[in-house]
Amino acid sequence: MVDVAIVGTGHSKFGNRTDVNLQELAWEAVKQALEESNLDQKDIDMFVVGNAGGWSSEPLSAIVIGEYCNLAPKGTMRVEAACATGSAALRIAYQAIKAGDAKIAMVIGVEQMHQSPNPVAIEMMGRAGNYFWEFENFGLTFPGYYALYATRRMAKFGMKEEDLGQIAIKNHYYGSFNPYAMFQKQIKMDEYMKSRVVAYPLKVYDACPITDGAAAVILASEEVAKKITDSPVWIVSQGFKSGTANLSKRDDFISIDAARLAAEEAYKKARIDFENSWRYFDVAEVHDCFTIAEIMAYEDLGFAKRGEGHLLAREGQTYIGGRIPVNVDGGLKAKGHPIGATGVSMAVSITRQLLYRAHKGTQVDVKNGMGIAHNVGGTGHYAYVTIFSLKKPSA
Amino acid sequence: MGVTEIRERQFNEIDKKALEQIDLLIKNSGMPIMRDLKTNNLLWIDVRELTQRFMIPIGRIYKFFDQLSKGKIIGTKCPKCGSIYFPPQDDCTKCKVSGLDVIELSGEGELLTYTIITVKPVSFMHYQDYIVGIARLKEGINILAWVNEKPEDVKVGMKVKVNVVKREPEGYFTYELRKIQ
Ligand SMILES: [Zn+2]
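Protein chains in written order, with full-length UniProt numbering: chain S, 1 to 395; chain U, 1 to 181.
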C-alpha cells in the first residue's frame with residue numbers, strides 16, 4: 001500500500017476565540033495549510049472534519065465548514081472520538097489515501113467550546129463517561145474521572161502532588177514561547193500548590209482550560225507528495241484502541257489500558273521496541289488534559305517503567321535536553337484543548353518540530369527524525385498513537 | 001423537596017436572568033447582541049434555547065430497580081459462563097446468552113480509589129461537595145458510588161459496604177458506600 005505524508009499544516013491561535021465563529025475559526029487553519037502546501041481547494045479530493053460537537057450551535061459542522069472554506073462539493077463527514085477526535089479524523093484521511101481512494105486529503109480539527117457557558121461545559125464533560133451509571137446519580141466531572149487515577153497512584157506509588165505540579169510547570173514554561181498557546185505565562189510551584197482544588201487531588205493548575213481553536217493538515221500519497229514538497233513528513237503507523245465507558249469496569253487505576261495497547265500496536269507496525277521506545281523519538285506530544293494523564297502517558301508509551309512516570313517528571317527528563325522532550329508546545333495544559341482540534345494540533349506540532357520550524361525556545365534537536373503523538377479520548381475511552389518520520393516508512 | 005422544586009430553585013434563577021438579559025438587549029438595540037466582558041467581542045445570544053431530558057429504556061434490567069427499592073443490590077450472572085455483571089445487564093455478550101440470572105451482591109469490598117468533587121456540574125449544584133469512590137466487591141466486580149463519610153476518614157484500601165439509601169432532596173432510591181467499622 002502507498003505511503004502517506006503530511007504536505008501542509010495550519011494552526012489557529014488557541015484561546016477564548018469569541019472574535020470568530022466556528023467556520024471562520026476553521027478557515028484560519030485551512031487557509032494556512034493551503035498556503036503552506038501551495039495547493040488550492042480544487043486539489044483536495046476529500047476533507048474530514050474532526051469536531052466532537054455539542055458545544056457550538058451548528059450541528060452539521062463539516063458542512064458549514066465545507067461551505068465556508070470553499071471545499072464543497074468534495075466528500076466529507078464529521079468524525080467523533082471525544083478528545084481524540086482529531087486523531088480519528090487523521091486516521092480516516094490516512095486510510096483513504098492508503099487505500100488509493102484519494103491522492104490529497106485535508107484533515108480539519110476544530111472546536112469552539114466557549115459557545116457553551118462554563119457550567120454547561122462542566123456538565124457536558126461529566127456526562128461523557130457512562131452517562132446512566134456514573135453521571136446520572138453520582139455526578140462525576142471530567143477532572144473527577146482523572147482524579148480517581150491520581151488518588152490511586154498516590155496511594156500505590158508514593159506519587160506526590162508536587163510531581164503533578166512539575167508537569168504543569170513544564171507545560172506552562174513551553175507554552176510561554178508558543179504564540180498559538182492559550183496561556184503564555186510561566187507558573188511556579190507555590191502558585192501550583194495554592195491553586196483551587198477542582199476534584200481532589202486535582203487542582204485548577206492540573207487541568208487544561210476550556211478552549212476554542214482549529215488545526216489542519218493536508219495529507220498526500222507518496223506519488224503526489226514529492227511533487228508538492230521536498231520536505232514531506234511521513235505517517236509511519238497509527239495504533240488505535242478503546243476502553244470501557246464505565247470507569248468502574250477498569251481493572252486497576254494506574255494506567256490507561258487503551259493507550260498502552262494503542263502504543264503497542266503502533267510500535268509493532270513501526271518495529272519499535274516498547275521498553276526502549278524513547279530512544280527512537282526526538283519529541284513527543286502526549287495527552288495532558290490533566291497532569292496525571294501525562295504521567296501515565298510516560299508509562300503507557302514505554303518512556304518510563306510502570307509506577308515510575310512521576311520520577312521522570314521529578315527529574316525534569318521531559319524538558320528539551322532530557323531523556324525525551326514532551327509537550328514542548330505547551331501541551332493541552334497551556335496550549336489549550338479544543339477537543340476536536342487537539343489531535344490535529346499534535347500532528348502539526350510534530351511535523352513542524354521535525355522540519356525545524358518550531359517556535360523559538362521550543363525547538364528540539366532532531367537526531368532520529370521521528371516523533372510520536374498520543375491522543376486519548378474521554379478517560380481512556382478512545383486512544384490513538386501516531387508515529388511520524390522524516391524517512392519514508394517502506395524505505 | 002421533589003425534582004420540580006429543585007429544578008425551579010436551581011435553574012429558574014439562571015434561566016430567568018439569561019432571558020431577562022436577552023429582552024433587555026433587544027429592547028436597547030433591536031438585536032440580541034452583547035459585548036463579551038473580557039474581550040469586548042460581539043456575541044449573538046441564541047434566542048432558541050435547547051433543553052434536553054432523555055428517556056432511557058430500563059425494562060430489561062427493571063429487576064435491579066425493583067430490588068433497589070426493597071433495599072437490595074443485585075447483579076446479573078450468566079448461567080453458561082458464570083460472568084457476573086455490574087452494572088447489571090440482561091445479555092451475556094461473551095456467550096450470546098440472554099435472560100441472565102439475578103444474584104444478590106455481598107455489598108462488601110475494598111475502596112480502590114476516590115475523589116472529592118468540589119467544582120460541580122449544574123445539575124449537581126444543590127448538593128454539598130461529594131466523594132465519589134470505586135470499590136472492588138468480594139465477587140470481583142467494581143462499583144462506583146458516593147462515599148458517605150467525612151473526607152478525612154476516607155482511605156484507599158479501606159473496607160467498605162454498599163448501602164441502599166434515599167437520594168435526598170429528590171427522594172428516590174440509590175446506593176452509597178460506607179466504611180465498615
Ligand atoms: Zn456467559
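Do not rely on the hints blindly, as some may be mistaken.
Claimed, not checked - Subject to a maximum C-alpha distance of 25 Å in a straight line, what follows is the list of computed SDA-like cross-link-like pairs (lysine to any residue):
1. Lys155(U) / Ala96(S)
2. Lys159(U) / Asp251(S)
3. Lys249(S) / Val164(U)
4. Lys179(U) / Phe135(S)
5. Lys16(U) / Val3(U)
6. Lys159(U) / Glu58(S)
7. Lys194(S) / Tyr130(U)
8. Lys179(U) / Lys194(S)
9. Lys249(S) / Lys179(U)
Unchecked claim - Ranges of calculated distance between the beta carbons of each label pair, as one might list FRET restraints:
10. His126(U) / Val2(S): 20 to 26 Å
11. Gln128(U) / Lys268(S): 44 to 50 Å
12. Lys17(U) / Glu275(S): 55 to 61 Å
13. Pro32(U) / Asn137(S): 34 to 40 Å
14. Pro32(U) / Pro179(S): 32 to 38 Å
Worth flagging that the hints you see were computed from the coordinates, not collected in a lab.
Note that CB positions come from ideal geometry on N, CA and C, so glycine has one too.
The hints, checked one at a time:
| no. | hint | in the structure |
| --- | --- | --- |
| 1 | Lys155(U) / Ala96(S) | violated (50 Å) |
| 2 | Lys159(U) / Asp251(S) | holds (18 Å) |
| 3 | Lys249(S) / Val164(U) | holds (21 Å) |
| 4 | Lys179(U) / Phe135(S) | holds (22 Å) |
| 5 | Lys16(U) / Val3(U) | holds (18 Å) |
| 6 | Lys159(U) / Glu58(S) | violated (49 Å) |
| 7 | Lys194(S) / Tyr130(U) | holds (21 Å) |
| 8 | Lys179(U) / Lys194(S) | violated (30 Å) |
| 9 | Lys249(S) / Lys179(U) | holds (22 Å) |
| 10 | His126(U) / Val2(S): 20 to 26 Å | violated (57 Å) |
| 11 | Gln128(U) / Lys268(S): 44 to 50 Å | holds (49 Å) |
| 12 | Lys17(U) / Glu275(S): 55 to 61 Å | holds (57 Å) |
| 13 | Pro32(U) / Asn137(S): 34 to 40 Å | holds (36 Å) |
| 14 | Pro32(U) / Pro179(S): 32 to 38 Å | holds (34 Å) |
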